[in-house]
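**Q** Hey, can you work out the whole structure from these sequences and the hints?
The lines below spell out each chain.
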Amino acid sequence: MQNISSAIQIIPLEHYVFLCVTLFSIGLLGVLFRRNTIIILMCIELMFNSVNLLVAAFSAYHSDPAGQVFVFFIMIVAAAEVAVGLSILVMMKRNVDSVDINLLNRLKW
Amino acid sequence: MVGSIPNINLAVFVPALPLLGFLITGLAYKRLKHNQAGIIASVLVGLSFLISIALFFVLRNSGQNAATVTLFNWIAIGNMNIPFAFLIDHLSLTMMLIVTGVGTLIHIYSIGYMHSDDRVNSFFAQMNLFTFSMLILVMGANYLVLFIGWEGVGLCSYLLVGFWFKNPAYNYAARKAFVMNRIGDLGFILGIILLFFTFKSVSFSEIFTQASAMQAGAPVITLITLLLLVGAVGKSAQIPLYTWLPDAMAGPTPVSALIHAATMVTAGIYMIARSSILYNLAPITLNVIIVIGMATAIFAAIIGLRQNDIKKVLAYSTVSQLGYMFLALGLGAYSSGVFHVTTHAFFKALLFLGAGSVIHAMGGEQDIRKMGGLRKKMPITYITFLAATLAISGIPPFSGFFSKDMILTKAFEHNIVLYVLALGTALITCFYMFRLLYLVFFGENRSAEAHPHESPKVMTVPLMILSVLSVFGGFLNIPSLFGGNLSFSSFLDSAVVSKTSEEISSATEIGMIILSIILLGAVIYWAYQTFVRKAQIPSGDEVKLTPLQRIITNKFYIDEFYRAAFEKPFGNLSVFLFRKVETTILDPAVSQIGRATATLGTLTRKLQQGNISFYLFAMVAGILLFIVFILTI
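Protein chains in written order, with the working numbering: chain A, 1 to 109; chain B, 110 to 742.
Worth double-checking, as some hints may not be accurate.
[What the hints assert, rightly or not] Using 20 angstroms as the maximum straight-line C-alpha spacing, the simulated SDA-like pairs for lysine to any residue come out as follows:
id	chain 1	residue 1	chain 2	residue 2
1	B	Lys715	A	Asn102
2	B	Lys715	A	Leu104
3	B	Lys715	A	Leu103
4	B	Lys479	B	Thr655
Source of the hints: derived by calculation from the structure; they are not laboratory data.
Since the model is a prediction, treat every value here as computed from it, not as a measurement.
**A** Written out as structure tokens, the structure is:
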């Protein structure tokens, strides 16, 4: 642990933070502005992983393994979410023969 | 004064058995066959009676005067601690014996009387519920438990008066009884609240211990006693709240006997006797009670003179006798009042049951103008009815003589005017009772279609037992004049504190008794001349009456007065509120609020496009706003 931390700490923490914010923003914008549902799902994964990376980085810098345990939990949740998301996607493709999210607009008043 | 007495916890079974009966007959009323409900109900009340007798001996052998049986801690908030407890002392034992004893006989009688009714099972369930409530009322160890029973009997009275609810007039009578009782109950509960504020307790023993240290005439005590009196006036049908009782005769006759003669209507008298220590501290209230009681006694007796419905005569007679009991209470002779309650329970229950037997025989006819000559057809009913009539008239040595004589003596000691009025009431009572007796049982049968017959044994046996009690009940309390020692009064003395007054000489007393016997004899002879010899039958509505007769026949127009003074204005107010306030203000206001909400909804639902991108955008925008908000703080 100590060796790994010292290896990681060669790169300053700010770099991790900037990288993660960038990745998160890309993911967020993708979710907001793309119409392809597959891409939206991937963007969500991107946001997840940027957060994971940030948590892992802070964990390493503070020598606190709790953050990395958290990362594992988030990965499990993300896996479950992907399973559900992709099955919805499959059903969507079967029903409307498209993955355009704007076609799913029937759930309204 | 309260120690543990072995077996005193039996007291719990006294109210529990009628409650069990109510649950059995009430829950299984569709499954029970005919008569089964009646037998179950009667047996359980009978067992209650036996346990009450056992309790009497338990208490006597223990050498103590009172015992408290606590069931559970009922209300415990801060310093307030009200247990659900029963107080077993001589007063509550007396009432328990009356309620369960007379109640058992009336239950048995009802098996015969209600035989052909198709809701007989519900009837017995309600009767058992009534018995339970009444026992809670007389056994409660504090005013709150008493109040539960008080309301319970009111409810059962309502249910049973309106038992034949398909008749709108009977329903009206039931509602009237309920509403008038409610007026009284309001005063009663205000009294209890004031008691609690004054004494920080509602328990009898604590209040009376504190009160005995107080000075007579304290304004707060006067106010409390007056408020409690309002409750008693409502329950015991005194002026001005008496008009419900004659109407309550709409119920089945055993109900009238049990609730409106023997037990429930005496609850007010019981409550005042129970609070005797408080009332002794409030001379003003006692004077009010004297005035109310005396006025009611005379007033109701006069109305009873010209009633033609057999049950209405008895109802006004009950009101009048209750007035007598109030008079006794007002004179501070609480034990005499309770003694009159006891003897009245015997003979008035007997009169009502006898009347029920007559009504049963006449096929539902209640008009005494259409009866007559039943002496030969119904000998047992006649003999028992005669015994009760003699008892209520106060002919020695029947029970009513002893109880009435005690009240008359007290009245004489207090004020000669009261004595004259009370004696006058007794004479009027005697006259209308013999008028009833002669019109029903003597002369010729005036109804062509009815074929009267003696009632079955299940009805006549209770009559016979009650007639024995009516004849000999007075010997419980033989005054010293006749070599007795007032055993009943001294029995009660541990529970009620009667006011002592100067004794009158025995010569005066003998003179009073002889005077009343002579006058009563004259009245009976007069009634005999009028209704048997000359066979004067009360006229129907078509004959012209003198103004006085018309006023009495119409019951002094009290019902009409109440209708004009309270019912009509209240009804008009309701109509006004409905027409003006409800339809022009409240209704539009409510519907406008509804409409505004709907409009707001139509506006906001435009946001719900179903577009997921938009939702996501809104969500992110929301989160960002949230973050900004947190950061700026």
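**Q** In ascending order, which of the hints set out earlier in this document are inconsistent with the structure?
**A** 4
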